[in-house]
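Number of protein chains: 2
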Amino acid sequence: MSVTAAAGFRASGVAAGLKTTGATDVALVVNDGPSLAAAGVFTANRVQAAPVLWSRQVLTGGRLQAVVLNSGGANACTGPEGFQNTHRTAEQVATALGLNAGEVAVCSTGLIGLQLPMDKLLPGVDAAAAELSADGGEAAAVAIKTTDTVHKVATAGGTGWIVGGMAKGAGMLAPGLATMLVVLTTDADVPADALDTALRAATRTTFDRVDSDGCMSTNDTVLLLASGASGVAPETGEFAEAVRAVCADLARQLIADAEGASKDIAVEVEGAATEADALQVARSIARNNLLKCAIHGEDPNWGRVLSAIGTTSAEFDPDRLDVAINGVWVCKGGAVGEDRDLVDMTGREVRITARLNAGGEAVTVWTNDLTAEYVHENSAYSS
Amino acid sequence: MSVTAAAGFRASGVAAGLKTTGATDVALVVNDGPSLAAAGVFTANRVQAAPVLWSRQVLTGGRLQAVVLNSGGANACTGPEGFQNTHRTAEQVATALGLNAGEVAVCSTGLIGLQLPMDKLLPGVDAAAAELSADGGEAAAVAIKTTDTVHKVATAGGTGWIVGGMAKGAGMLAPGLATMLVVLTTDADVPADALDTALRAATRTTFDRVDSDGCMSTNDTVLLLASGASGVAPETGEFAEAVRAVCADLARQLIADAEGASKDIAVEVEGAATEADALQVARSIARNNLLKCAIHGEDPNWGRVLSAIGTTSAEFDPDRLDVAINGVWVCKGGAVGEDRDLVDMTGREVRITARLNAGGEAVTVWTNDLTAEYVHENSAYSS
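If you read the protein sequences in the order shown, they are chains S and C.
Residues in the first sequence are numbered from 1 upward in steps of one, following full-length UniProt numbering.
Residues in the second sequence are numbered from 1 upward in steps of one, following full-length UniProt numbering.
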C-alpha cells in the first residue's frame, strides 16, 4: 500500500524516458490534506545534489503539498543549471496541480554529474499528475527504483491511523543515510515539529545504521508527510514507534536488496562504555572489506573482527574482547574461543556479536558481504 | 641485495614447514656490528600481535642484535601462550647465536588466531641460524612472503654507505602501516635516536600513505638496524633521504603486488588548507569502494570522488572542487568539466587529482582498485 496506505494521499508512477530501459522513472506523491505538515532528513554528505539543496529549503516551512521523484539521474554536481532544473521541476508540479512550488519537494537518484533531460522530465511530470490516484502508491514505489531488484514498501499504525512508506536504494548505502529516497505518509494529525522529532529519532536507529558499502550518497532524502485525514492525533510515543517500525522495515529491505550481496550481516556491539563507542566499533567492523569477503566465503574469521575493533578509539581492553558469529563464541578474551567449525554460515543472515566488556551500551548496524557481483555491478554502472 | 646490501649483516631464509606449500617461511637477519643501534615503528592497531608487543619492548633499548621473522602464522590474538611462543622464539635465536634474547626482535605474519607450531618453528630457527650468510638477503626476503607474488627489496645510499631493505605485504594494507613486515639495514654509523627520527619521518610519508584496502593489521612492523660497519657517519638529511627513498620504493612495490589488484591508483590531493585535511580527503577517496570498482572498470567516475570528499570535515567549498583523472579535468567547480571520453585509463597506473582550492597543502596516498579477484582471494584465504 506504500505511500497511499494513509488517507489523504494520491500517488503515481510513469515512464518519462529517463531510463533507457523504458521502465517507469517519475513518481509523484500529493498530500490532499487537510493538514500539510511535513518533516525531512537529508544526507550528511557535504556535497549535496540540487534536489537536496532545494528540498531542505522547502522543508524549513514545515509544510509539503507534494513530492516529485525521478530515477535515471541524480542531478548532483550539476552546478547552477542543475539547481534551476530542480526548481523548474517543482514549478511544473505546481502548475499541473495548482499548488505552490515552494511546498513541492524534489528527489532525484541515478548517476552523478549529468544534467537531467528536461525535455523528457517535464512532460513526465504532467503525465504523473494526470495519473494520480488513491491507489497509486505501488506504482510510485516502482518508479523510484534504480538498481533495486524489487520495490520496497511498508506500513504500521494504530487505531484509525496508519503510517506507510516507500524506499529505494541498493548501493552507496551508508550512514548519514544511505543512497536512498524514502517517502513516508500518515493520515494521523501530527504537527510539523512532532513529525520532525519522530522522524529524526527513527532514522537515527534505522537508516543511519544501514551501512552496506561505506559509501555516503549526495542525494539521500527521507520525507514524512501528514495529511491529518484520519482526524486522529495519536499519542506521541505510539506515533514515534509506528514511524520507527516503518523505517526499520524499509531499512531491512534495503539491506536485503543491496547490490551484489549474498549475505545480510547484523553487526551487534554489546558492552560498550557509550553508544558512540558501540556505533564506532560497529561501523568499523561493518566497513572492513577483508571481513566482508570472509563472510562471503562463509569463513568465521574473527581475527578480522578484532583487527577492525583495534582501529577504533572506543574504550576496551584487547584481552577482554569476545566475538560470536551466529551465536558461537569463536573468540573469548581476545583469543581463541569455541571451535570455529561449529559456526553455521550457510544462511543469508549472519550475526556478528562483539562484546567489549566495557559498559552497558549496545547497537546493531546492518551491512552486507563483499562479492564479485558487487564489483561487477559497480565497475560497469555508468557504461 | 636486500638486508645484506649493507656491510655488517648476515641473513637467511629457510623452510620450517609453517607453510603447507613447503616454501621458505623463517627468515633471520643478524647485525654483526660494531654498532647495534636500531629503531622501529609498529601498527597503530590497538589489537596487537604478540611479536609486536615483544619487539616494541625490545626496541626501547635502542639496540637490536637480530630479527627473526616467520610467515605462515601471525601469532595475533593468541593470548599468554602466544606471547610465550614469541619469547621462546627470541630465546632460540639467542641460544643458537650466542646473543641476548632481549635484543632480538620477532616478526610474524599469516592468519590471526592460531598458535604457531613451535615444534616446527624452533628447529627452523636453528636451521636459519646455520644458513646465515652475507648474501642471504634475497633468501630472507623470499621467506617472509605470504600472498605476495614477488619478493620486495630496495637500496639507496651515499658514498661509502648504503641502506637496504626487504618488505612483505599484499593485503590488509592500510595506514598506521600496512600488513607488512619491513626490515631495513644500513652500514652507516648512526645512533639510535637519529635512526628513530629518520624512520618515523620516512614511514609517515611512505608506508603510512599506502592504503590498499583500508584494513589495518595487527602485526605491522618496520625495523631499521645500523651496523656502523662502513665507518661513515652521513649528514643527517642525506641519511634521512636514503631511508625515505628505500621506504618509498618498497611501499610502491607493495601497492604493485596488492591482492587481486589490476590498477595502482595515486590519489593526489592539492590545495588543502592543512596537511591533515589533505590526508583525510585522500584517505576518504582511497577507501571508497564504489570509486575503486569504477576505476577497475576504467570508468572516470568523478562523481564518486566528489561524494567521497563530501564525507570529510576538510575545509572546502563544494562549488570550487576540481578533479582530474589521468590529467583530464573531468570536474571543474564542483560540476562537469572536460569531456570524460578524453580520459585514457588503459594503463595500470591511474592518477586521481582532487584540488580543494582551500590552501597550499598536498599529499599523495596510494591505493588499488577493487576487483573480483580481491574478493575471491580474501573469501578463501583461511580455507
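Where hints are given, some of them may not hold.
Stated by the list, open to error - Calculated pairs, SDA-like style, for lysine to any residue (alpha carbon to alpha carbon, straight line, at most 20 Å):
1) S/K332 x C/L111
2) C/K332 x C/D319
3) S/K332 x C/M1
4) S/K332 x C/D319
5) S/K19 x S/D126
6) C/K332 x S/K19
7) C/K332 x C/A358
8) S/K332 x C/Q115
9) C/K120 x C/A96
10) S/K332 x S/T346
11) S/K332 x C/K120
12) S/K332 x C/Q84
13) C/K332 x S/D126
14) C/K332 x S/D322
Stated by the list, open to error - Quick list of the computed label-pair ranges, beta carbon to beta carbon:
15) S/P123 x C/A273: 41 to 51 Å
16) S/P117 x C/A23: 36 to 46 Å
17) S/T274 x C/G102: 34 to 44 Å
18) S/G22 x C/A273: 44 to 54 Å
19) C/G160 x S/E338: 31 to 41 Å
Don't read these hints as lab results, they were simulated from the structure.
Note that the coordinates shown come from a computational prediction; the quantities given were computed from them, not determined experimentally.
By construction, the Cβ of each residue, glycine as well, lies at the ideal position given by its N, Cα and C atoms.
Structure-inconsistent hints, enumerated in ascending order:
The structure breaks hints 3, 4, 6, 10, 11, 13, 14, 16, 19; every other hint is satisfied.
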